[in-house]
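**Q** So the chains spell out like this:
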Amino acid sequence: MKARRSRGARALPLPVLLPVLCGAALLGVPLFALVARAPWGRLATELASPEVLTALQLSLYCSVSATALSTLLGVPLAWLLARGEFRGRRLLRALVMLPMILPPVVGGVALLLAFGRRGLVGAWLDQAFGIQLPFTLAGAVLAETFVAMPFLVIAAEGGFRQVDRRLEQAAATLGASRLRVFARITLPLAAPALGAGAALCWARALGEFGATITFAGNLPGRTQTLPLAVYIALETRPEAAFAMSLVLLAVALAVLVALRETWTGR
Amino acid sequence: MRRAARSLAALLAGLGLSLSAQAAAAAPKPVLVFAAASLAEAFTALCDAFASAHAPASVEHSFAGSPALVAQIESGAPAEVIVTADTESMARLEAAGRLASAPALFARNRLEIVVERGNPKGVTGLADLARSDLIVILAAESVPVGRYAREALNSAGVTLAPRSFEPNVKAVLNRVALGEADAGIVYATDVRAAGERVAGVAIADGQNVSASYPIALVKQAELRPEARAFVAFVLSDAGRAILARFGFLPS
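Chains as they are written, first to last, in the working numbering: chain A, 1 to 266; chain B, 1 to 251.
Isolated chain B (complex conformation) (with noise of 0.2 Å):
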């Protein structure tokens, strides 16, 4: 027992001085990034490009719905980086003079449906929504591709019965992956990140609604230089073309 404690102990210690030393070692601290989660995949990526261009600097992420992300950093968090799905979330930011620059635009998204892989159910487009043979489920209208999808559907003239209000849109498609709900309404990127997983149906143009992509510095205590490298990466080229790999489109 106290062989075992002194073990616990002698651990600790040891894991207590690699992290110090860790820290020591990577001077600078990560960038922290909110962004939203339909990013989530091509940021990761972009983070990664960031950090093997920009060592020692770094970056660190948490993915959520937008307004998620909007309402921790009015609560204090410390995120330097806000990228936002919607330009209404960045506004409510902004208004609040939580931001310590002029939101960018740099990409934009659009709508698809997301099936089961193979489309067993024969979808063909938003009218196809209604059918009562199709569970069809959408995000929450607290998020913006929720928002989205309602505009989307209004414009098409469909009302549907969704059977469930989901979180965000990365529940929407892992559902539909599961094989749980037959159609959902996702961003394009969501489809294809996804990859052999689900199908996509496209959105017919005039139906179609666009979502911009803003980014921000949050004011914070210190305004670090890494965090600006970060947010001139994204609008940079390479940032560009890392986004468009995953099918965002040009802003």
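Excised from the complex, chain A in its bound form (with noise of 0.2 Å):
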């Protein structure tokens, strides 16, 4: 590791290398910090707090359904993206991506006056069902989804790409119907790609933020996630949230670990 770095580093003009070290600075050194700042001594104290474990609880809560609901609604959108031949589908594709680069908060208020008490299909959700989805669980969910399925969406759309088609016809002229091929060839085959899509957006969706506060609020162990307990104790008990900065760097790090073999790998 140490020898490759300084052959590298020989072999690259000051032009290249004074840049690439400044931005490896700028993104290692804020997570050195992190790691340097946070109280390693009382860490377990502070995470053993009721307010963090309620605020950790919930995070995985929301995240892994967000997950589900991204998977559920996500992977049909991936195959039709990856297989149709329709009018529209580069405009699909968009409406899929947008969420990945618009801000979060945009995403919240969008969300609020979608699906808010007075929201265009949220007035009618309150009267005809009575249901109302901003300061609720189900609410958080729905931030969490909006922001984290483009990921799951965009992946698994590129497996389903890799996928070989002559092995999908092969399966249809020996007689398997359409849903017998997907499940048993086009499924398994994009199933990586698939997996690591659902590994990015279990990690976006317990990193959601803005969204979240802007369309669930903050109530703790109602939708109070992990990154919102964190904003909030930055003022009041920051070494709490230099705590949970730290499990969400470390979860951060075990899904780039985890997917080391799909993506960093290569």
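Incorrect hints may have been included.
Some chain B residues well away from chain A (every beta-carbon gap over 12 Å; in silico) [claimed, not checked]: (1) A40; (2) E60; (3) G97; (4) A152; (5) Q207; (6) A241.
Taking CB as the label site, the calculated pair distances span [what the hints assert, rightly or not]: (7) B/S132 - A/A138: 15 to 21 Å; (8) B/A127 - A/R89: 54 to 60 Å; (9) A/L95 - B/E196: 32 to 38 Å; (10) B/A45 - A/A254: 47 to 53 Å; (11) A/A44 - B/E196: 49 to 55 Å; (12) A/A258 - B/G122: 52 to 58 Å; (13) A/R118 - B/S132: 16 to 22 Å; (14) A/A138 - B/E74: 36 to 42 Å; (15) A/P50 - B/A45: 39 to 45 Å; (16) B/A127 - A/L91: 49 to 55 Å; (17) B/A127 - A/G28: 52 to 58 Å; (18) A/A114 - B/R131: 26 to 32 Å; (19) A/A48 - B/E74: 23 to 29 Å; (20) B/G118 - A/A114: 22 to 28 Å.
Just so you know, the hints here were simulated from the structure itself, not pulled from any lab data. Bear in mind that the values here come from a model prediction, so they are computed numbers and not experimental data. Cβ atoms here follow ideal geometry from the backbone N, Cα and C, with glycine treated the same way.
Take the two lone chains, each set in its own frame, and fit them into one complex as the hints suggest.
**A** Written out as structure tokens, the structure is:
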């Protein structure tokens, strides 16, 4: 590792080396600072406080639910984007990708205007079924899904595209139904990409802040997920905020390690 | 493609030129003021008035919850003037040796219940907020207005289950204005600043809480006369008149 770095450094001209070092420092130093500044001695105590445990539990519940919902809705969407020949496919893909680029707060405002109590759909949901999404757990899951689902769809679409069509055609000529071809050929072959997409989607959902606080509000035990708890704690109990940040960083690293075969290993 | 790149370069160069020309014309750097979120409207007006009275001096402002501002200054933000909505946040800065002048109280504020325009749910006071048919939200207790609201509710003997703890007072107000919540507790000045968008319900004097706003100079490498002038302007009769126009009470 060390040898490789110094050899690379010698080969690099200064105009390249300088931005490379600055860039790496820009990304690396804040994370290092977080690790260095974390209250290691009292980490267990900080993390075991009821406030943190509640947020952690809620975060796990919401992010897993958001990933499940994203899989349910996103895999068919990805399949259609990969295989469908229809007008408006590019438009649909742009729509799917938009939340990845949109500031999450804007996503939260949009959700509010759509599913809020006075929203486009929300007003009807409230009157017809008495369903209100803001300030509820379901609202937090919805906000996370809105922001995280694109990650799954894009990864899954890539996965479906890589599946060799001839294998599917062979199965079809042998008499397998479309559903059977999908379940026995397409899905297993695209599985690694789907897994990577789901992991990314989950990590993004776990870290969601802007859309959640804007749409779902901030109530411990109901909508205050870990990132929201970090934000609130930072002003009053910074040590707790550092500890929770460390947990989120560890999770992000774990996802990266788990995905190294699919992503960084290439 | 190359043409586009060239015109982009020209544009950037032009932008840089106009920026540096601007910097040369308006000699003094604007005074950077950090102020509590509840002061947003009043201080925007104050800063404009100061700028026109003390040209070429000008002011840049950043509004957020008081503890957030204090935390930013503690980690080295270049603010020259700090205004908080409570004396505790200011005391924290003073204890940390980050102030260049003793904090001066210049205004007070009262709490009010914010409800939707026309008060459709018929809220009459703090006791009503415990009603189960109301969606009530408060500011988080990490910001002063959240603590003040808690004090007011305690002194009124009201226990309620808020649906959300918003990160600052404007977030509380906007949720009610958008119709997502039925009621919240904010400053009287926030209700006033929101105009037609919401309505206010007074809190009985015995239950209300008085918020005091201190202002101080922040210790920076250079203490500029413009920053001093701004603080003096806020404390002057002209400054107080503007604050009164926005519903702030004299300290």
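**Q** What hints, given by number in increasing order, does this structure fail?
**A** none
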